[in-house]
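Go ahead and model the full structure; you've got the sequences and the hints to work with.
Protein chains in written order, with my numbering: chain X, 1 to 321; chain Y, 1 to 498; chain P, 1 to 347; chain S, 1 to 328.
None of these hints come from the bench; they were simulated from the model.
Predicted model only: the values in this text are computed from it and were never measured.
Every residue, glycine too, gets a C-beta built ideally from N, C-alpha and C.
Fair warning: there could be bad hints in the mix.
Stated by the list, open to error - Pair by pair, the computed Cβ-Cβ distance ranges are: (1) S:Pro27 - Y:Glu252: 25 to 33 Å; (2) X:Asp219 - P:Val96: 29 to 37 Å; (3) Y:Val311 - P:Val179: 57 to 65 Å; (4) X:Asp219 - S:Pro27: 30 to 38 Å; (5) P:Phe115 - Y:Gly75: 42 to 50 Å; (6) P:Ile23 - S:Pro27: 38 to 46 Å.
Unchecked claim - Here are the simulated PhoX-like cross-link-like pairs (lysine-lysine), alpha carbons at most 25 Å apart as the crow flies: (7) S:Lys162 - X:Lys294; (8) Y:Lys250 - Y:Lys81; (9) X:Lys240 - S:Lys162; (10) Y:Lys134 - Y:Lys118; (11) X:Lys283 - X:Lys111; (12) X:Lys240 - X:Lys53.
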Amino acid sequence: MRSITTVGAVAAVAALALSGCAASGEAGAEGDSLDICYVTAAESHAYVTPANKAFDEAAAAAGATVNRLSQEFDVQKGTDQLTTCVSQGADGIVLWPLDPQAYIPGMIAAKDAGIPLIIINSPMDAAAEEYYDSFTGPDVYEEGELSGEALNEVLGGTGKVVIIAGQAGNGTTIGRTDGFTDKLAELGSKIEVLQVVNADFDQQKALEASRDLITRFGDEIQGVYANDDTMALGFIDAWKESGRSLDALPPIVGINGQVQAFDLIRAGQYYATIVQSPAEDGKLAAETIIKLIKGGSVDKRLPIPLTVVTSANVDSVEPAF
Amino acid sequence: MSTSAPALRMSGISKSFPGIRALTSVGLEVAAGEVHAIVGENGAGKSTLMKILAGVYQPDEGTIELQGEAVRIAGPIDARKRGIGMVYQELNLVPDLSVAENITLGAPPSRFGFVDRKALRARAAAVLDELGAKVHPDDLVGSLPVSQQQLVEIAKAYASSPRIIVLDEPTSSLSENEAQALFRVVERMKAAGIAIIYISHRLREVIELADQVTVLRDGRLVETRSAEGITAADMIRLMVGRDLTDVFPKTEVPIGDVVLEVRDLSRKGEFDGIDLDVRAGEIVGLAGIVGAGRTEVARAIFGLDRADRGVVRVNGDPVHAHQPRQGVDAGIAYVPEDRKRDGLIPQLTVKENITLASLGEVSTAGWIRGRAERRVATDKATELGVSPPVIDRRVDTYSGGNQQKVVFAKWLATKPAVLILDEPTRGVDVGAKADIHSIIGQLAAQGTAILMISSELPEVLAVSDRIYVLHEGRVSAELPRGASEQDVMRAATGEVAA
Amino acid sequence: MNTVRRAFDSDVFLGLVRYRVAIILVATVVIAASMVPGILEFRVLSLSLDRIGTTALVAAGLTLVLITGKLDLSGGAILALSGIAAIGLQEQFGQVPAALIGLGVGVLAGAVNGFLVVTLGINSLVATLASMLFFRALCHVLTDSRPFSGLDPLFGLAVSRPIAGTFTLRTILFVALLVILHVWLTRAVAGRNLFAVGSNPASAEASGIRSNGYVFGTFVFAGFTAGAAGVIQSLSVNTGSPVFGESTSLLAIAAVVIGGTRLEGGRGSALGTLGGLLVMAILTTAMEFSNVPAYIQSIVTGVILLLLILLDRFVSGKKGRDLSLTALLRSLRESRRNPETERTHAP
Amino acid sequence: MSAPTVSTDRVVKQGFLARYGTQFAMPAGILVLLVVGTVLSDRFLSVGNLTNVLINMSIVGIIVVGMTFVFVTRGMADLSVPATLAVGGLLVLMLDDVIGTWPAALIGLAVATFAGLVNGLLIGYAGLNPVITTLASGTIVLGIAQAFVGGVIVYGEDPAAKDFLTGRLFDVVPMIVLIFAVVAVLGHLVLSRTVFGRWTYAVGGNPHATEASAVPVRRVKAGAFVLTAALAGFAGVLLGISLQAARPGIGAGYEFDAITAVVVGGVSLLGGSGSIPRAIGGLLFVQLLTNILTLQGVPSEPQGMVKGALIAGAVALDVYLRRRGGRE
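Okay, structure coming up:
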């Protein structure tokens, strides 16, 4: 019985053959405007979306066109999209790494193709260093250290804390958590970490994880360190739900400098947040890649300024988003 | 006819199931190259005998000899290995494979594990040609009309070069000239020296094809004789010549005016131009052989199938039943032929099954009134003698007889003006059969118009006030009460011109 | 009104519906070419084929499972597990042996699915949901939820680089696998028996075909192809990660169904699946090139999938009409030769 | 090769285990977990922790009620739950400052129900395969929701509604748990006491016989999917209000959690049997188990191993009991 889709096979071969003769037309028009391929983390996230917007604005200002590919927090998709950028022959690539080393083969291909590549926001392994021209964005490790310092200060060097970490295996999560713990060790602090939970930078997951933490440790929790403010809000929701009063909230340290965190600091329910402006993150990356494409040289590491915000300076500093 | 031992000799075969004595010491002998027909009413034990031959059941007593050698047939695959080909009435083909692949399913001609296409097509074509069946080996079986699928099923049995082939009601869903094609196939197989057992209700076919005829009645062998000079009347007499031992109670009931009126009801390929009336209190029998279209007519009246033409009236107002909902609202109820498939919900309790079709009466604004439902269920269950009358037990934990009573109860709960019964007593033990008939009697007495389909002639004759006989989708006769079984069979087998 | 019905009933229309996969594929290519001029360029096509490679390998195994009327949700989780084994064991056993062990893990996982569905008799949807949760959690336990890297990224690069400017190893593998499967399904005895098992298990059993053996075999094969997908994916990025393959199973099912394989079993084709995969590959690439946001892509894929399920339902509704090309040609030939015999079908 | 079962005339005797086994397995299982939990951690049996378990299961619980209807009508499963839930959550937060939270909630619910209607038509009336159809419709609805929202997280502006939802009635009973309880009771009553409910069982048990009993089979089958979508939308609304933040991926994973609960509860995929209490019993069992594991510090990801083994075990036991009980 001849298969019903023999014609299917013929069509498939036809499509490939067709491509052979349609040789004309480069995918990315060479022309004057610069073609930047931006492999971003996601399209709907409290921090990522404003960063993408700032990136597009900065690129447009410099007359560059941006082809934005969203990984939707899927590393596998990201590595494929990186190879797409390389084959598209983009003039420059900006990569938001969701994994410390999965992108290295793709980056090697970019290097071979002579396409300048920078990474934004999250750090990568040392092994990846030779394959990117610059790492712009906040120094998550430094953020971890600053948070460690702040929590150690407010707890007077001792006490039991819980850590609400971001997406497991993500460079930012690893950087911020390791920075925090290394700083505590460096300061010789006697703070004891009760448990580290992963809540993928998501308020709802942080709420569910915090409920279990509060049930498990309850009032033993004397301090909370959250890899970002969104998750810290989840902890506060859980605290309210457990029937405990907001005044009894243990000191919380978060990162991002979100508006809600600023209001909570003013209400005394939040000790400190580290402003890391997504807009600056996006803008700096766009400017850096454009400078690189135009042949300029840039430093290997371009951090964006971090400011620790506590009740003292909450009114004099602009929230990030 | 070769003088060596016959291809098949079954002797002293008895088989009984709890409550039913299916076969009592039946003997059957079929020689190679001989067509041996088996006739008998429904429930006479024909299918049971064949299932024993196919190894589906083991006989309680009796022996089976193939070519003179006593054998025990373990199961269908063992039967096939021993050269016994079965062609059941319900086809068992693979719709998504071609005709050739179905014929050679399980052992296609192949080289190194790959199907040898040419050999496959050649082999199938050869078998089909040998049988004179005009079917193309490459067609998908699923897309063939039933008649051609029937030929493929036979070709499949024939392809495994059997010594014996059993054809169970092969022409039940075939038209006249499709049946002719089948006869040529049977002739070819006979010439090829295969012993053929041919089961059919169409007596004319038996006369035309058979060399020997065996008549069964109530699980007993009535007679085996040569088909030479046999007539339909002889067969009918042998099939039905039984004294009416189990008397069916028939209470005389005053007959009211016409309740159910059916005019020119037709549905393509199933039945055509059906006119019938049923009066209040009257029990009208609908007789006919397998495939005459009785169930199809009933389903169309009730609304399970949509009729192409014709009108149905209940108490004068027309019913446009293209869904059972309209049928029930018009006061029609239909107790289906296949109790397992269309009658019961096994997972639900007796109560839930009884009230399923009449939930409207025991609920307000969609909420079921528990007490009212229990009352209806208990009343109906006791009225119909469901035993034990525990209405909260799952219905599939009850016996066949009780299950049939539950289906009855379901439809009586809708207080129908017209009650259509399709083989109400099939597969039910004798005790339950009597109960069901007394229920039918009471219903008639209460003025319900009853249309009863039954293949058991004595039952139809004893209970019906009038009988319509269907033959190949048309009303071939309307017989008054007191007509004989022979009258019915003659009309049913097309002897009498419509 | 009946002219419309006759048009719908005519052989030509039903023939078109029958080859819907090829037609939709050609339509996609044409639309994509008009949207993005450069898309039909060989290099870009070879890349988009490579990107669908992982899903394609899982889809190949899944095609057989669906033909037997079963379902497998655990492909993505098996993929991740095999990748973790292939990368994690490189130190101990060396790169190539570790990759082979990764394949072994896939086969073992497939056997677990077979055990749950065939031996324990659990419905395949529930059984593979359970095994999906189990294998995914196992990945997180083995890697402590942290992706880890292998010995040498260059080893993997060879896997993901187009060979001599043509196609990548992964593309060649899955196209070859699907073609071989096509031949096996249409030519081999076992392949034809698989259709019988999916279409009418009782009839298959009565003809001596061991349905259970075939179903178990398809699950093991699906485990093998998912394992291969995982090993290649992990090698190409030199990373073992517990989160690989999370969306792969559902994408693979979509591709197989777009390719014309029915979930009820008995009907399907490997080339159809290849067609479905090409449609999705070209679609994704075209939309990404023209900056179409991710959610529009999912809408389009969803609409195409729904359209094809409806068409399939419409086709299977036409029971009495044989639609294969061969039948069409034959009826045309015959009706030309002797028009009157053709039309005297009995009522 | 078993011979075809013969429709003999004997009352099929029920093994005690088969007949009642499945009824008492769940309560006994929960009891065992309560004991184990108390032994393993002194915090387990505290009011705080148990209410915590109830809160955690409320959102999934609402979806379990709908999914039970789908299982009972032999509709296999509804994989579009993540999409309908997201629609509920996103719409309520987008419109709450425009027209107020509760009207916005109604609109969210209405749109989710409309998506359910589409599912119902395709599956009930067109007779498509439920798994692949809800997969496709879910992808489309989620895509539309994201397109509508513009791919950004939606924030709510009604903290009062949030406090109401996350607050506690008389300071004891969490509001969300109360709402879940009401939905569960209503669902049970509809399934067990109403005509629609009885028809749902009948359609799942034997569609042919049900159609022959003048029951609108297609409408009942479609109804199950409309109900599931409405309840998923309602759960999305509740989640959106209680978090005052929602993103399109908010519903991910809920469909599998709901299926796990229904299956562990012993509701069969073959249709015609099972009930809401049993499904919620399954959900409680899974949540208690997860809670015990969490209290022992087992991170959430590895808990999937226990869940997977639990599903396989529960269904295998059910299949075994059915087979031994004589009614295959």
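Do the hints match the structure? See the list:
1. S:Pro27 - Y:Glu252: 25 to 33 Å: The hinted range 25 to 33 Å is violated for Pro27 (chain S) and Glu252 (chain Y), with Cβ atoms some 60 Å apart.
2. X:Asp219 - P:Val96: 29 to 37 Å: Cβ of Asp219 (chain X) to Cβ of Val96 (chain P): about 56 Å, so the range 29 to 37 Å is violated.
3. Y:Val311 - P:Val179: 57 to 65 Å: holds (60 Å)
4. X:Asp219 - S:Pro27: 30 to 38 Å: holds (34 Å)
5. P:Phe115 - Y:Gly75: 42 to 50 Å: Because 27 Å falls outside the window, the suggested range is violated.
6. P:Ile23 - S:Pro27: 38 to 46 Å: violated (56 Å)
7. S:Lys162 - X:Lys294: violated (51 Å)
8. Y:Lys250 - Y:Lys81: Violated - the C-alpha atoms of Lys81 (chain Y) and Lys250 (chain Y) are around 52 Å apart, more than 25 Å.
9. X:Lys240 - S:Lys162: holds (11 Å)
10. Y:Lys134 - Y:Lys118: holds (19 Å)
11. X:Lys283 - X:Lys111: At roughly 24 Å apart (the allowed maximum being 25 Å), Lys111 (chain X) and Lys283 (chain X) satisfy the hint.
12. X:Lys240 - X:Lys53: violated (34 Å)
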